[in-house]
Amino acid sequence: MSLKNKRSVFRLAAFAAVATLALAGCTSTAGGVAAGSTGPIAKEDLVLVASVINTTNPYFIANIEGAKALSKKLDIPLEIIDSQGSSQTEISKIQAILAQGKKVVMFVNTVASSDTPTIVDAVKRAGGYVSIWWNKPDNFEPWDSGDNFVAFQKHPGVDSGRCNAKAIGDALGGKGNVIMFPGVQDSTTSQTRVAGFEAEMRENYPGIKILENQPSNWDPQLANQNAKDLIAKYGDEINGVWSADDGMQLGAIQAFDDAGLLDKVKFASDGLYPDTVELMKKGYGNNAIVGETFHRGYMASAIGLYTAYLAATGEIVPSELPKEKRTSFFDIKCVTPDTLDEYLKYDTPTAAADFVDKLVETGPWDTEPATLIGGGGPEVLPKP
Amino acid sequence: MSDVTTPPAVLRLDAVSKSFGSNRAVRGVSLSIQPGQVIGLIGENGAGKSTLLKILSGNYRHDEGTIAVNGREVQFRGPADALRAGIGVVHQEQSLFTNLTIAENIEVNTPIGRGGVNRLGLYNWRRLYADAAQALDLIGSHLNPKTRVSDLSFVDRQMVEIARAIRVSAASHTTPLVILDEPTAILERTETAILEREISKLRDIGSVIFVSHRLDEVMRICDRVVVMRDGELIADRSVDDVTEEELFRLMVGRETHAAVRNRRSIEPATKPVISIQDLTRAGSYTDVSIDAYPGRVLAILGTSGSGREAVARAIFGAEGFDSGSVSIAGYSGRPSIKKAVALGVGYVPAERKTEGMVGEMPADQNITLTHPGSAAIGPFELPRRRLSLARLWFEKLDIRPREPEHMLQDFSGGNQQKVVLAKWLNSSDLKALVLDHPLRGLDPGAAETVNAQIRSVCDDGTAIILIPDTIDEALDIADDIVVMRDGRISGVFDLGHDNPATLDLLERML
Amino acid sequence: MVHNALSKQSAVGIDTTAIRIRESVIERRARFRGLAEPLSLLMALAVLIVVFSLLNERFLTTSNFQNVLTQSAIPLIVAVGATLVILLGSIDLSVEGVMGATGMTWILLSANSRGGVDLGPWAWVIALGVALVLGVASGLIFTALKVPSFIVTLGMWYVGLGIATMLYGTDLLPRLEDEGLKGWTSRISFGLPNSFWVALLVIGLGILVLRSTRIGRVTLAIGNSETIVRSAGLPAFRVKVAVFAIAALLSGLGGILATVQLDIGSPTVGSGVLFIVIPAVVIGGTHLGGGKGGILRTVLGVFLLTILNNGLILSGVESSYQSAVTGAILVAAIVFAAWSQRDRLRVAK
Amino acid sequence: MTKIESETTKIDRETTKLAVPVRAKFQSVKRIGGWHAIGPIVIFVAILVVVAILTPAFIGGGGLAIIASSSAPILLLALGQAMVLNVGSIDLSNAAIGLLGAILLALTLGPVAGLSPLIVLLATTAFGAVNGLIVAYAQVPSFALTLGTLGIFQAVALVASGRTTVYVSSNGEGIHALYESGIANVPLTFWMGVLVAVSLWVLLRYTRIGRGMTAIGKNESAAIFSAVRTRSLKVLAFALSGFCAGLAGIAIIAQAGSASPTGLGSDLLLPAIAAALIGGTSISGGVVNPLTVIFGALTVALVPIATTAVGIDAQAQSLVYGAVIIAVVALTMSRNKASIVK
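Those protein sequences? They're chains W, L, A and D, same order as listed. Numbered according to our numbering, the first sequence spans residues 28 to 411. Numbered according to our numbering, the second sequence spans residues 237 to 746. Numbered according to our numbering, the third sequence spans residues 74 to 422. Numbered according to our numbering, the fourth sequence spans residues 27 to 368.
No lab work stands behind these hints: they were computed from the structure. All values reported here derive from a predicted model rather than from experimental measurement. Backbone N, C-alpha and C define an ideal beta-carbon position, used for all residues, glycine too. Misleading hints may appear alongside valid ones.
To be verified - Some chain L residues well away from chain A (every beta-carbon gap over 10 Å; in silico):
1. D250
2. D317
3. A471
4. S561
5. E596
6. R636
7. E684
Stated by the list, open to error - Restraint ranges, calculated between C-beta atoms of paired labels, are given here:
8. W/K385 / D/A342: 49 to 57 Å
9. A/V123 / W/D197: 38 to 46 Å
10. D/A139 / W/D72: 42 to 50 Å
Unchecked claim - Just a few of them, taken from the derived set where beta-carbon distance is under 10 Å, the chain W residues facing chain D:
11. T82
12. I91
13. I108
14. T116
15. I118
16. K120
17. L125
18. P144
19. S214
20. N244
21. W392
22. T398
Working from the sequences, and respecting the hints, build out all of it.
As structure tokens, then:
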């Protein structure tokens, strides 16, 4: 076979493959404007989908737990999507599930705010129903996108930050120096928590000085290193440490523990991970952890999925709901070492199933401890 | 050398054969080498020499026949086996690790447990250096074993290679057989002379197989000469019973050309194409002035320290200089390769494989790489026309096989060099061609055809600046000879009028 | 006859003293040339230290010194392996994956908050065994299947992360229970943090391997020319696999230490290490093409980057700019190193 | 030309027996070349067939269009990367440049509307060219250099975005249409990549520029001595990488309507390199086919989707992804026994 023939064979093959690819694209375009789908769907046709950022963070593990519990309760199959921290992976995996023609009831913990429009669009086109948690663009509201984008839900970050600030402020008696470990800088979740923390300190604890903040990308290892550097920089000037989530706090605590400063420093953070519960129960480091905000991943996923499920089965019509039930803020609880015991019941092996039982009884907006407390628009940040 | 006592042969081959598919590269070669003998192995490229050497060095396994070393039959499973048997090969392409010291290069092949490696598997550096120094001493070299090879000149690197080959055999307590695969191909005359002296010392320690294209060297150095052709060993002669001409005939299977110079001398044109004035580069050459005229071959002779290669590169714009000027066709601005090529200069570098050609590119694309000629319209190439253009060049320069669409690296050395020439000849306006060792590594047959091409290019009115391998090469083809010594011009000859003797030229080189 | 004349010439003997003198000059020059790069690195380090200590007096304190050493320990350990791989002319991108898999294996087999088995020292053996398997796999695929190391180790990165993720499952965060090990890495013994002592040991062994063992010397030889290594009958295959195995073992050790340091198991325990280690090796002056460089230079590179990071935080540079400063220093370092060697014929890839 | 025809030279015949082994060698080279060209396509189709058998609904439901649309930014980055790999260098900063481009586009689309994509492409091309200029004129290894500029571009993106997600405030419709509308159900962003691939293919195969680039990748010294403008061409290769990165940025904005330093497109560096290599690009330079890179990108996009579609456990997907990447490159790359792989 001459070289020339070889080449033309290859060219032909390449062309044919591209052409096949082009023609094989079927009815639902990946790009075209979606019609959207309304009208109830029979329960048997549904599939639950929970999309999480990774499968190793305790919060996301709880997300999966809640989805499983609801799947069992409603007797609807469940698929889990692991975004592996990547927007692209998240979107394409969601699309892959949608492409199989199933009617989805979906809960998505978005990797980045900007993923929301794309995901909503894809779900809409496939006639599914989706609730988005935590991250979405401020100007992209469910009521502008039709019924398939059932709801955007979150726990308010400002409240979380304020709650932590109060805990540290009180523990320090209104005086002292604090360092902060925000998450990824461009995350709205981190930004709102930071804003709440700073506002509370500014407004109610003028004696407390924020020395510095070192964004630590939700990474315990990075928080650990940054904490070490800040200890070197400020030494025993540091009285309080705030982290935007418990993962980073675990890294920070370890750094202070290593430096032998744990007894003198107070910590507060968001999430009340099971490990944090243990540390608080033990009173680790002279009761180092003085405040936590409580919420559980299984509640988030169950609420999100159940809201979407109700819309899919026609039990609620999203467009008829008030705005705060479309963009919704759910309560978080402030936990101190004194009130910790009240929350232990939410970590028992049957806690997720118990919550789902109650959820199905009382509906998505009224289930303790995560009740609807506001919403109807973007979270308002305190004025600096 | 008489075989009165008949000690066991260092190496004995019996009907050794090796085939690649249907191609029988080595056919029934039988050969015996006695201790203290220096055997010359000659043959054209493709005659089977390299295959035979690779069998001896353990890189290939032979299909038939037996190999016996020091009377014991051996089967080499890899290069390490051959080394252990005392066969050390000094490769054509240098095979030293330039980032390591001399000592390590010498000791690198010694079996673990000896050669300065202690029981923990750790190197004993002091012993390593001492052993290496001893090996160097055996061949009369006084290099510091701690020196890195990258800092050595070529001839010293050859020394290190020879020392390594000897060291290996010494470590395995065998009589060493050192195979020198064209060690002089890239050496200058002086260096060759040093090397020759060292080789003769090797007689006292072991035996040598000396592979070379230079028949005069073979005659000088060796006791016996064996000739290979078409994979067969066709002659085994004592140097006393054979002449250079006879060897050449045996090798190529035809008569040699008369060594008589048969050039018509063209009178220099009024204007030189290339004129360099008082060119100086610190540490390399000083006040060099040379004029090259169209239709004439100007050869620059010199040893490796003469700076002639650097001058050639300066003309092509590949190296800078400190003062003086290079004027090409009247232009003498800032020199660069781009400018030189635009002005009609071509350059055939000495390192063909690494600098002269893109081996993994088809030959036709190599030919049109610099001057696409009719194979391109503006920036666009026309593959079909490129191919037909290349075919014309293949025809004209007799490049084989006539398949320019194939990778250049798959052609033989001579054919590659012709493709490199064609690359420059494809210019519509080639004014001068700088040839840096154009015949290096070519067998006599290939060298002759390349030489013929150079002559014909010159006759077309191109100025040629030639850095030849040998004085003979210069005398054979040049119209003008410039001799350089230690960076300065030490002699200028116009062969139309002068008739310098070889010794005359040599004196000015050294 | 030409050759008669020549043989007379050579019979007389050619004076080689000129060559010998040239050699000795070259030799002397070469001896000092080797020092130029480390010297400039040391100077850069000195400048950084002076500048940072002027910006913040806390920079030059014992506690910060120990802090920097603790933080440099894990990158140092991993960088020793990375240097060996780069000296081969290859690259190992899998460090973070191997760290994750090894760290996770180790903590799940040690006393941890999830309960389960506590194998004590065997946890170390098995965890490092996992690293070894990953390294040997990389090495074998690279060497036997001739897949470029870049892609093999890129894939192995994901494989390691995958193993860690699967081991982790959906259970609780595994937390170290052994009180003796908790905080062990940053505890001070004889004035230096424990993890740094481990790093010193690894560096010492690394230098010994590179300088005085067959693996080390053949590694350098392969980096110089693999063709010659093969034709010389040296064990290129085994050495390449061994180097990848050593690199993975060291990454694994780094993973375990990082897990001890953090006190909790996480598949991403190694995150960010690769982007300290590779720049550190390069800044140290080890050539990415292989054959040239060394472990001590890499150590300087790691120190440079760790001190830089620490100093930037201490002098209050906003964290957004930190990656830019690190990047700019890397660019400056390589441009500085390459500037004097510029030549119109030089090839840099 | 006239020279060739004008004269005949008598040349001694060189031995013709050489032709035999040479010819044998040619044959094997040809075979490898064939698989080299077809391999990436075969692998992609093979994985697709497996997925189709296991989950027919996925392919029927427009799965291919999804793969194509999610491969678009990877494809664009991979094409740029392939051009740089072709000259024997590597560009670790191109994904960061792409993301910076997306952020710049999101910032400027409101104020300057239609001019914005032009400005962004100009800027990203310039960023790439700066990489190229330093590589070519300071003669530093591109791996190290672009590792450094990667950090710089990341920081610039973080600062330019104000450390937050930047949304396109207005005039985003035109860009969004690239994702919204498509040919054969596949968004224009992918076809943009195909168009670029074809253009680069033409550049490499039919122009002197492309020939020169390939010569640099195969033997830079020889290219220098053949008066190939090695420096300019290297700068051009890096500039093309920047340009492609800019297009990838546009594709990101088209899909998401916004950009952020850690959002969509922030983790495309390694997938894009993998795509280029799976597409048959040699990491040591001189071997590239932009058309097969299309299939490299499709494969890289397909693997995570396929693992989800066929229902592999979420926690095992990373492992499968890694193993498949290695296996695919091992299957597609051309190699011969004597070659040295780094």
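Taking the hints in turn, this is what the structure says about them:
1. Listed as a non-interface residue, L/D250 keeps its Cβ farther than 10 Å from every Cβ of chain A; the least gap is roughly 24 Å.
2. Its closest Cβ contact with chain A, about 8 Å, brings L/D317 to no more than 10 Å, contrary to its assignment away from the interface.
3. In this structure L/A471 is separated from chain A by more than 10 Å, as the shortest Cβ-Cβ distance comes to about 20 Å.
4. The Cβ of L/S561 sits about 18 Å from the closest Cβ of chain A, beyond the 10 Å cut-off, so the non-interface label holds.
5. Distance to chain A confirms L/E596 as a non-interface residue, since its nearest Cβ pair spans about 15 Å, more than 10 Å.
6. Every C-beta of chain A lies more than 10 Å from that of L/R636, the closest at about 27 Å, which supports listing it as non-interface.
7. Listed as a non-interface residue, L/E684 keeps its Cβ farther than 10 Å from every Cβ of chain A; the least gap is roughly 18 Å.
8. A beta carbon spacing of about 34 Å between W/K385 and D/A342 contradicts the range 49 to 57 Å that was offered as a hint.
9. Distance hint check for A/V123 and W/D197: the Cβ-Cβ separation is about 43 Å, which falls inside the suggested range of 38 to 46 Å.
10. Separation of D/A139 from W/D72 is about 45 Å and conforms to the stated range, judged on CB atoms against 42 to 50 Å.
11. At its closest, the beta carbon of W/T82 sits 5 Å from a beta carbon of chain D; the interface hint therefore holds under the 10 Å criterion.
12. Hint status for W/I91 relative to chain D: holds, with the closest Cβ pair at about 8 Å, below 10 Å.
13. Interface hint at W/I108: satisfied, since its Cβ lies 6 Å from the closest Cβ of chain D, which is below the 10 Å cut-off.
14. Interface restraint check for W/T116: the shortest CB-CB distance to chain D comes to about 5 Å, inside 10 Å, so the restraint holds.
15. The closest approach between the C-beta of W/I118 and any C-beta of chain D is roughly 6 Å, which is under the 10 Å cut-off, so the hint is satisfied.
16. Of the supplied interface hints, the one on W/K120 holds, with its beta-carbon coming within about 4 Å of a beta-carbon of chain D, less than 10 Å.
17. Interface restraint check: W/L125 against chain D, minimum CB-CB distance 7 Å, threshold 10 Å, status holds.
18. Among the interface hints, the one on W/P144 holds; its C-beta lies about 6 Å from the nearest C-beta in chain D, closer than the 10 Å criterion.
19. With a cut of 10 Å, the hint placing W/S214 at the interface with chain D holds, because the nearest CB-to-CB distance is about 7 Å.
20. Interface hint status for W/N244: upheld, as the beta-carbon distance to the closest one in chain D is roughly 8 Å, under 10 Å.
21. The criterion of a C-beta within 10 Å of any C-beta in chain D is not met by W/W392, whose closest approach is roughly 28 Å, and the hint is violated.
22. The beta carbon of W/T398 is not positioned within 10 Å of any beta carbon in chain D (closest approach about 29 Å), and the interface hint is therefore violated.
The structure shown violates the earlier hints numbered 2, 8, 21, 22.
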